[in-house]
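Protein chains: 2
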Amino acid sequence: MDNTLANLYELSEIVDKRFSHGEDIPQNIIETIRSTVSGKGFIGLAQINPIAGNIEYNAKKIAKYIKYACKINLDLIVFPELALMGYPIEDTIDRHPVIVDENVKWLKGLAKITTNTTALVGFIEPREKNAEGKKYFNSVAILKSGKIQGIVRKSLLPNYSEFNDYRYIEPSPAVGVQPAETLGVFGKDKIKNCSKIFENYGISICEDCWNNKEFFDKHLYEKDPIEELAQENPQIFINCSASPTRAKKEQLKHNMLSFIARKYNTPIVYVNQVGAIDNSSFDGSSRVFGADGELIARAKSFEEQLLIVNPQQKIGKIYPLTKGLDKSLNEQKIFTLEYESDLERTYKTIIQGISDYFKKCGFKRAVLGLSGGLDSTVCAVLLADAIGEKNVYGISMPSKITSKESRSDAEELAHNLGINFTEASIRPMIDTTDECLNKLFAEVEQKWDGRYKTSFTPDNIQARSRAMFLWGISNEFSSCIPIATSDKSELYMGYATINGDMSGGFAPIADVPKTKLFAFARWLNKNRPKKNAIPEAIILKKPGAELAIDPKTGKPLIAEDALMPYEFLDEIIWRIENKNDGYQSLINTEFVYEKHNPITREQKIEWLDKFFRRMSTALYKWSILPPSVIVESRSINKYDYRQPITSSKINYKGVNDDYIKTTLTSD
Amino acid sequence: MDNTLANLYELSEIVDKRFSHGEDIPQNIIETIRSTVSGKGFIGLAQINPIAGNIEYNAKKIAKYIKYACKINLDLIVFPELALMGYPIEDTIDRHPVIVDENVKWLKGLAKITTNTTALVGFIEPREKNAEGKKYFNSVAILKSGKIQGIVRKSLLPNYSEFNDYRYIEPSPAVGVQPAETLGVFGKDKIKNCSKIFENYGISICEDCWNNKEFFDKHLYEKDPIEELAQENPQIFINCSASPTRAKKEQLKHNMLSFIARKYNTPIVYVNQVGAIDNSSFDGSSRVFGADGELIARAKSFEEQLLIVNPQQKIGKIYPLTKGLDKSLNEQKIFTLEYESDLERTYKTIIQGISDYFKKCGFKRAVLGLSGGLDSTVCAVLLADAIGEKNVYGISMPSKITSKESRSDAEELAHNLGINFTEASIRPMIDTTDECLNKLFAEVEQKWDGRYKTSFTPDNIQARSRAMFLWGISNEFSSCIPIATSDKSELYMGYATINGDMSGGFAPIADVPKTKLFAFARWLNKNRPKKNAIPEAIILKKPGAELAIDPKTGKPLIAEDALMPYEFLDEIIWRIENKNDGYQSLINTEFVYEKHNPITREQKIEWLDKFFRRMSTALYKWSILPPSVIVESRSINKYDYRQPITSSKINYKGVNDDYIKTTLTSD
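As they're listed, the protein sequences go chains H and R.
For the first sequence, this note's numbering gives the first residue as 4, with consecutive numbering after it.
For the second sequence, this note's numbering gives the first residue as 4, with consecutive numbering after it.
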């Protein structure tokens, strides 16, 4: 890279920093960059972090970038899918159409501030009232010289996992550009016979480039918009996207984009949204591939950035990808306890998830219980990093079961992190509640049978008393929410207390399995600026809620004794989520756990039966889980996975044909 | 109706009753019915109540009906959409494909028990592994003479409100019947050029008949499967359906089916699922229209039934429709406080919702707090009716704010209902919690500013202490869940305590607005066998949570003083949900409330601003709301309406063009 170009990226980083602090860009920087890029085929990849439905906020941000792009005279500046609205916006546009009107008004305003630089801005396009199909298109407007020059509309609408496009969006019957006058009135009967490309750009939206018939074995859609665009020989493909980190492994995306560029001998520019909207965390990592399929440029992951590239001159900069985003394609096919390669991605995904949830909702502070256990520990570290240690309050809330070590571990952790810490015993509350409830239970028992001989009631009272403290603080102090510390493995087992540890304003690790949390804790100790903030004792101790005494040992109950080994549990979860394995294939194939812990078939069956039984009755808990961050390739997040709670009687084992015959023919 | 036919319906009711009790049908009844219907063009409409994913349960139920239909030698017996799987099944089929395998196996078993009678059985049809598009079809199998004779697949896939078909179902490229050998291997390239109709039946599935181009002004889809079927002149249209009561008003359905019959001069047989699956309550009310569009037969609402009809001989029986299902088409266009006409439907929808949730999940008993207020009162009545009064425990949990009247009203209600009742003071818990928390707050305040001068903390502690009692009972006694008593108006305003009154295993009235609850209470008093179970005082008192004292009055705070008049509030909600009204049109059009309570524009603005502000911050609460019953035409149920929580900064008022211009052009 010659000096001018090195300079371009150095100066651009200063520009990014100034943008993020809301500062003006010094004139001399603008001049220098302009002299390098003006009118020479440079394109800006503006990966921005929008707020869902906050049109003014998004429009102002877009305007800032457009004005700058015009000043330095870029040929083109590209924003992500639905940049004006934020993606996903879900049913909001249907119930509150005012935001659709607003996004069109602001779009027209944005058009007016463009000069020679073309800007591609994603927006929700309303359709004519009685048009056939859904009410909206997912569109990109081409803005230039003070006007809307054309509209591109999304043809392929994902409707799996967290995606719901088809709920409210009509698939576009036309690929590529249609004239500006079709805005708001476009439909199958209004397709203009015009060029699909604009100034040599072949423009598409997200899923539109995910259906290459050669690259993929399985095709969700019939149409391949890129193939259609390619017929008109654009000089550059542009794809405006909003793709969360987990939806597809990066390597798949990389290979696919590279394949498309090479196949059509055409560079491709891919611009992805960054930031989190509720449960979905978008990684940015926008990039450009040359006509030979080679990666020319890649923006940062998990940060807003305007990356300037020149696809035809092969000018760009490849920023390092967050480790874990680049997982290889076959890596997800076998369960492994080697989480190392995915932990940086896990970390940044959750940090962004927390910090954007707080910022976008207007929260500043978090309070959580510190039990001295792994779950609350990892949550505390993540919160300290996401919202600042002074904004985190850790409360140790010992009961009579809580060990001295748990208390001192919690305190040491808080000290290491620099978060606020105090201790508040729940014993008076437990005592009073127990007394009140025992009286009440005796009363109830006079009319009702079925009182359990041994129950989880005392365990739950402890967990709920703690939540009462945390919600109390959140009610008493402004801009503060309590944190739900449940992890994925335990949520699968319903091993979490309603209105207790699974309750909170946000659940940072609800999609992180326990075995990964152990690796994660070690990774945090190694990779954070302040090393070893997590006391080794916390990582070494066997997880247990310290809510009950195990009658067999006389010591606090160990979770694995109540459930099953986490290594075994996490493999079941992984195989169900990633390979759709059922009961029979789980029984009949060897687990990683079995390689070094030989177990009998009876033991395996006992654990599997327990798993399916507990999972079936955990469905209700999944449905009331607080907002969380989707991390793994599949989750139990209610906006990602839906199963009727009343389906708890599913027979996951299946039956054989003889059984069916006998059952149906008997009278 | 001649004697034989009157006899047919009398005997059929005995059959229905025996089926519902799991009893055998006496041979003489079978003989009598058989002699009337055998081989004469009679059709059975089998509206059954399936359990989602419980294939064996559903298959056994279907088998029972098929065997009976064969014995009496019906020409045809028709089951609802996805009868073997239950509708909706959602993502379950994707994550747990074993249930799809099972539903195919049981389907084949069912085919084997058929004789001369044709049976139409809905099921999920898996597709070939690499087939283009989604993995499944939503299909109906035609079973006869021991074999699958053909398959019909759904073409139009609803994806609005609670419907999610397109998430996992591929729209069928072919209308009508395809040969049995296409089972599991059908696709666009496998369409057989065969007759679309089977033995003169033109068969379709649910949404397939909802796109008539003449009847509807707005069309969601291009295709009209009924029009295609009509080309082959079937003698009877059959539609297998699963349509919850609220999705479309009955009158619309009635008019549409009648229109189709008349237009094509062909009778139509419509079979609807009955029962509730989680939040969706299906009403059954299956029916038949003659070739002239006249209603010939209608099954009961909210009950399993096998209704025998003869569309061509115009033989049928019209059971009374639950009042409210027949609301006229224009009734929904204007907000009204006249709820009377809809209350029977409301009642049955919720009763079925509660009772099926309990049955299908295996719960038997419910415990709820009785405050002496309207919400908990109506919940108690509904629970007593849905699961039996002895299975309900009402607990009065007074605090120091609770009035003597509230306590005696609660007790009187419990007595009138015959439910179990006891009183348990929360004062010791409040005192202990307050003491613990005050200490803790003082501690926290040393590090954190922003402590509220007046907070809701004490109010919330009361609500949470009560929930602690209720969850305690649910933990201690088998098969028991606590009930969340929040109503729709208050949920809109976020006027419900997290882990308090909005917490529970089920929320019966979460979709009933407050003004409707008043009318509902009066209706219950008038229409239940035991009259006036609800003390008049409960209906007359102004709602208030009795959690805090109003400093202005020195008495417990009245909710309307904290919020706004319920009549005004409910009209905003209704207009937003039903007419997509925005802030500006709400300001500029007269409310029903204003007709008899003149208010200033400032007052109106104050209320509207409060509404939009509170609704924006209630989104989190909506996301963790327990399972409930969707009652109204729109709801905030998370499986029906989705809005990102981080969209709380939406500007519902919009801005004008000048503001946009100034904002975007300023530097």
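Derived from the structure by calculation, the hints contain no laboratory data.
Everything numeric in this text was worked out from a predicted model, so none of it was measured.
Any given hint could be a false lead.
Pairs count within a copy or across copies, as identical chains cannot be separated in the list.
What the hints assert, rightly or not - Taking lysine to aspartate or glutamate pairs in the DMTMM-like style, the calculated list, with each CA pair at most 25 Å apart, reads:
#, residue 1, residue 2
1, Lys558, Glu580
2, Lys251, Glu16
3, Lys137, Asp27
4, Lys403, Asp437
5, Lys115, Asp660
Handout entry: Ascending list of hint numbers which this structure does not respect
Key = 1, 2 and 3
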